[in-house]
Every structure is written in structure tokens, then in C-alpha cells.
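> Generate coordinates for the entire structure from the input sequences, incorporating the hints supplied.
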Amino acid sequence: MDNKIVLVCDGTIDGIFTAIFDGFVIRNQRYGKKGEHYRDNIHICTEPDYNEELFTEYICIETDYEKSFKTATSIRKKLGEEAYMFVIGALCHYSPDRATMVFGFLVRGFKTGKKVLQMLGDRYVICIMELSRKTNNEAHLFKGFLRFKDIDGTLYGVISPKCDVIPLIGDHFDERYPNENWIIYDKKRKKAAIHKKYEQWIIVSDNNLNGEYLETIYEKADDYSQMWRTFYEALYIKERKNEKCQNNLIPKWYRKNMVEFLKE
Amino acid sequence: MADIIKGYDSDMANAVSTGSEGTSSDIYADAHTDRRFKGAVLAGDISVEEKLRILGDAAKYDVACTSSGVDRKGNGKSMGSAQSCGICHTFTPDGRCISLLKILFTNECIFDCKYCINRSSNDVPRATFTPDEVCRLTIEFYRRNYIEGLFFSSGILKSPNYTVELLYETIYKLRREYHFNGYIHAKAIPGADSVLIEQLGYLTDRMSINMELPTGESLKKLAPHKSRKSILTPMKEIQIGIKNNRYMNGVYGKKTPLYISDSSYLEDSRNMLMDNITKAGYGTELKKSQIVAESESSELMHETETNKPVSNYVGTKNRYFVPAGQSTQMIIGATDETDYHIINVSEALYDNYDLKRVFYSAFINVNNDTSLPSTENGPELLREHRLYQADWLLRYYGFKAGELLTEDRPYFNKEIDPKCDWAVRHLGLFPVEINKADYYTLLRVPGIGVKSARRIIASRRHSKLDFNDIKRMGVVLKRALYFITCQGKMMYDTKLEENYITHHLIYNERPDRMMAAGEQITYTQMSLFD
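Chains as they are written, first to last, in our numbering: chain L, 1 to 264; chain W, 1 to 530.
Note that these hints are calculated values from the structure, not bench results. The beta-carbon is built from N, C-alpha and C at its ideal position, and this holds for glycine as well. Some hints here could point you the wrong way.
Taking beta-carbon pairs under 7 Å as the criterion, some of the chain W residues facing chain L (in silico) [as the list claims (entries may be wrong)]: (1) L52; (2) D57; (3) C88; (4) R144; (5) I240.
Over the 12 Å line for every Cβ pair with chain W, so calculated as not near, a few chain L residues [unchecked claim]: (6) R30; (7) K33; (8) M119; (9) L146; (10) P167.
Right, here's the structure in full:
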């Protein structure tokens, strides 16, 4: 049994792509030219504080945008756009194993080519599909559950999602509101998608963003909130009450920032 | 005046026949005078919020709130887009989704349908929007991402044509003046002119006309101002319009299948399944069901054939006519049709009118009308649920209505769902081998759905599958394990016997109910060791 190797990187997509690039380099150096003796013992850790284990080699990875770009292009070229979207989806999930799973998937993928997407019997393949499906499901729900407030003509939306959905929902809102200035702020990750009228939307993260200021602005009132609440209450049919069904369809943690569930 | 109102209250049809012998438009005008009188007492200056409350409340019994069926990218200039999967924006405490701003233009109505809260004989607060109010509400709600678009229906004001003109004016404004590019679902009003319906169709994504009740007789009894003909004629016209428009613009918004794109394979698979069913000795049942289905269709078609649709839409290039298709709705439990009758009507609608969806709405006696069944113990939600399950089987699983129910067994099983019910009655076809069975045969197995069947077919080319693999693909093993083998083996040592499987299936779903029912249940006692 080969010793476990752990590559430690920051949790961003660029960081993980760099680690994947270095992971392949290590595999090819140590386990035969094409990695034929490799037995899935390279792991990628995305947490900054981890517990060290015995008989394990730890390697720190510095995020390198050039390496990250190379990984991305080779995934798109060799496995196609569909597989690339699966990988991005899986990496936006919050699971601590996501990077390891993607690495395992790519090891198989680069060996077999595009057919890898049909090897659903394989643990790594089905796992990244599952992760990506979960992320996309959450992103899909937030496309509906996100609420904007119109404050002085700009639309502010605050969410606290479990998965990192901002990269996945930005395009949707870009298409929907090309003629509006809008900001979607992720409270948990302290990052935001910002869109200026008729321009390309961008992601701004932690250091360049005044999150507290955004949250205080979001406290302001919006005239249409009350109107929407009235409509929401009017649509409820009491004879059909079924809160269990409602909880299944919109679990309570989604409701934190939705006007119809907030009492004023 | 009081006399007239009284007359209308008890039975509008009588009042009309004893009144002036005018043309139909005279009748509508008369009825409107009556309404205006009533309205004057109640209507004052009411705020938009109050109108929203009244007209949202009045619209809530309409089931459809879907925003699906059409993919439209934003145009980069104005607001709005649509996704073919649809997006739910919130859910009410009754578990129904709110996706569209579902409102009536007005709840003043000259019709007197017995089941409807807005019938002309009811004394409820009435209100009417102006077109601009509706547009502004839609735009402002849409900007805040509250809604996916507008669901626009209306009570009948003055006459069907007058009402549709108002709907058209509003939607035209919304599209052309407010530049709204989102989803719009409009109701076609039975009895409106086909030219108006066509114009409305070019501005909307989906249109619907409610069937209301499964048979013509019930309709006559409960909705005296509507007839099968006035409902089916516009439905046929919209269908023709959609078809012609597809010829003009090509198939649009059609979803691509997940893995199987070879339609000839699906055809083969379907035939193979039918052969198997016949071979296993269920052939006569199948044939009987086909005959019934044909008679139901011909009955439905008869209504429109005696009165050929006048319009023949040709369409214009790049102007889409009802791109998300049309839907309809039936009330369940207000009259005494059986489930068997209802799903046969649905099937005929799917086959002959190319409907996207048929919605079912469990009847609620909102008017406390004593001539209708009481719903004091709550509406028949389980029955509605079973009908929806069966509806899915018709649309995606290749079932025929006659396979699910028969004339001797006209209601769905309360304990297990229609697919399990079918499977335990056709054990001759099981067990099915996961690594060999064709697509439609896999779909017949309880616990296997469209997605998992497609995943199984795609991945078994690469390796032999066993129970763990198919579990990961999304097969619900607690239902499927009685009906399948993987590489020749069943998962546990289960018996292929009707009572045994039924019992276990019920126990899986509702252990509590099984315990409560105790000895009343006729199935044999469960034992973990048999």
C-alpha cells in the first residue's frame, strides 16, 4: 500500500485546479510515466486547519493562475464542456472531499476520454455527478428564492447558501435583468456578484468588498414587500393546509432572507 | 330591480329565457346591467393592494402555476427571460408553488358556475384592475425576483369577447410598452372569438382553457353557461395554431432526451413490452383498454368536428404562437365520475389535443352549495394525488389509461400507488433483469423512473450492474427489490406473490397506518422470516 499524499490548498476553484495540476505532476513522477501504478492515494485538502495523520506526506500548494488555467483548458479539451460543468458544479459544493473526488474523476477521465461520463458504476464518477447535481439543485432553488430589494433604484439581494452558488446563478440574473444595477451578496462567503446596467457582471470577494455596509443597506424598507406579503397570504387555501409538504419544498433555512416569511 | 336580481340568483338560465327574446349579446348586456347594480353597492375607491388581495384570492383555485415549457434567453435590452424547466419562487402553507403572479383581471362575472367562488349569484367583494395597474405590479414584482411572470385570467365581464379584449389590451401593453420579456400564461375564455384568441396567442407563452368537468352532462348541470363545444373549439384552434407555427419556425423549446436519442429504439422497446404483456397472458385486458380509449377519443373529437374551427393560423416567421403549449384543468369530486372515466378523458386530451398538462383540482365546496357534495372533512387530496401519479404514467412511462384501471375496478388503490398496483397485478412479467431489460420494461418496475432507467441503459454498456450500483443511480430499492434481478439474483429472498408484495409495499410507505388498521386488513400477516 502506497503512503497517502495530501495536497493542501485554499478552497477556491483556482486553488483546487492548481493542486490538481501539481497532483498530476507528482503522479507521473512517482507512479510510472502514465501513472499506471497509481492507486488513488493522492488527496486534496481544502481546509486551512487539518489534523495531521501518521505516514502521510503533506504538500502545500500556492495558488498559481497559470496552472489553474492549464487544468481548466485540458479538462474542456479532453473531456468536453459537459464534463467541465460537472467538475465546476462539484467544486462549488461544500463537501470537504470535493477536490479529492474531482482528482479521482480526472485521473479516470484522462485515461478513458469522454466516455468517462457514462461509467456510472465508478465511485468517483457517480460522486462528482452527485455533488454537482446537489449544487445545481441548490443554485436552481436560489434562482427562485432570492429576493431583491429596490433601494434607490439599485437591486440588492442577500443570500446565505450552503453551496457556493454565486458563480452558477450570475448568468441567469444577467440575462434576466440586463437593464438594472444589481448586487447579490453571499453572507456566508463574503462575496458578491455585481452587475452594472448593460455591462458584464463580476464576482468581488472578501478583501475588496464592504459586506457590513451591504447588510445595513439591505435593512431598509421597500414599498412592494408589503404588497407581496398580501398576495402571498391571499393565495393560501386553508382547506388544503399541508405544512409538511411546504417544508419539503422550501426547507426553513432558505427562508431567512425572503420577505414573505419575515414579520415586520 | 330586486325581482331581476332574485331571478338571476336562483337560476340565471331561467331568468334569461323568460326575459327578452334577444340575441346572445343582448343577454350578456342584460346580465351586465344586473352586475353593475350589485357592483355599485360594493365597489368604492379601493387601493391596489386591496384589489390584489381580492383578485389574488379569487384566482387561487386555479391550479396551474407553472412557468415551464419555453426557453427564452434575455434579449440584452429589456427585462425578462424564461427557462424551460420553470422556476418556483415560493410555496404557500398548503404546499403549492407560486411561480407566477396569479390574478384575475376582474372577479365580476356574468356566468353562474355552481362550484366557483366568483359566480354571479355570490355576494363577495368585487374588484377590477386597470391594465396599467396589472403591468406595474408585474414589472415591480418581477424586478424583485418575486415571480416568474404573469398568470392572467378573468371573470366574464359583459361578454366573453369584451373580456378577452381587455386581457389582450393588458398583455399588449405589458409586452410592447413595458417591454416585459418574461413568462405569460393567459386563460382563453370559452365562447370568445377565434381571431381574438389567435392575437392573444402571439403574445403569451402558454394558454389554457379549463375543461372544468370530465363530461358534458356534468358541465351542463354545474356550469350552465359553458358547453363542451365552447371549450373544445378554442382548444382545437390553439392546437392547430401551435402545429402550424412549428412548421413555420421549427420545433422550439423541445427538451433533448438525457442519454437515449434514438427514437426508433424507443419504438422497438415499446413494441417489445406489448409483446411480452400479451405473451404473459394479459392480452385481452390490453385490447379492451384500447377499444375504450378509442371510443373516448372519438367522443371528444366529435364535439369539434361538428363545428369545424374557423380559423387556420398560418403564423409569422419568428413570431411564436403559444410556444409553451396549452394546458387544462378538471375539478375532481364535484360530480360522480370515476377515476377510470377521468384518466380516459385525460388520455384522449393528450392524444387528440397535444396538451402539455392536465391539472386536477380536488373539489372544495367554497359556496356551501347544498346541491354539491360537502367537503367538510377536507377535499379529496389523496384521490387528486393518485390521479397526478397516473397522469405521469400516461405521459412519461408509456402506460395506457385502460391498463391502470378498468370498468370493474374504476378507482385507484388508496394504499399503494398506481404503478405498484399495476405491477402486483402483472407479476407474470417479473422479475426483470436489470442488465438486459429494454427501456420501457425497466420503466414498468416500481422504483425505477425515467432518469434511473436511462442511467441504467447508459452505464450497463461499460460494466455489469448490481444492486449497489443501481441504488447510486437513484433506483428506489425498497420498492424495486421485489421486481428485479441483477445478474440473475434477487436482492433478498422475497416471494413473487401478490399478497406478500402488496403487504410489504404498504408497510414500507405507512407502517403506522398498517398497525392502526390491525385486523381489518385482509392481506396475510407479515412475518420477517418468510
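> Flag every earlier hint the structure violates by its number, smallest first.
5, 8 and 9
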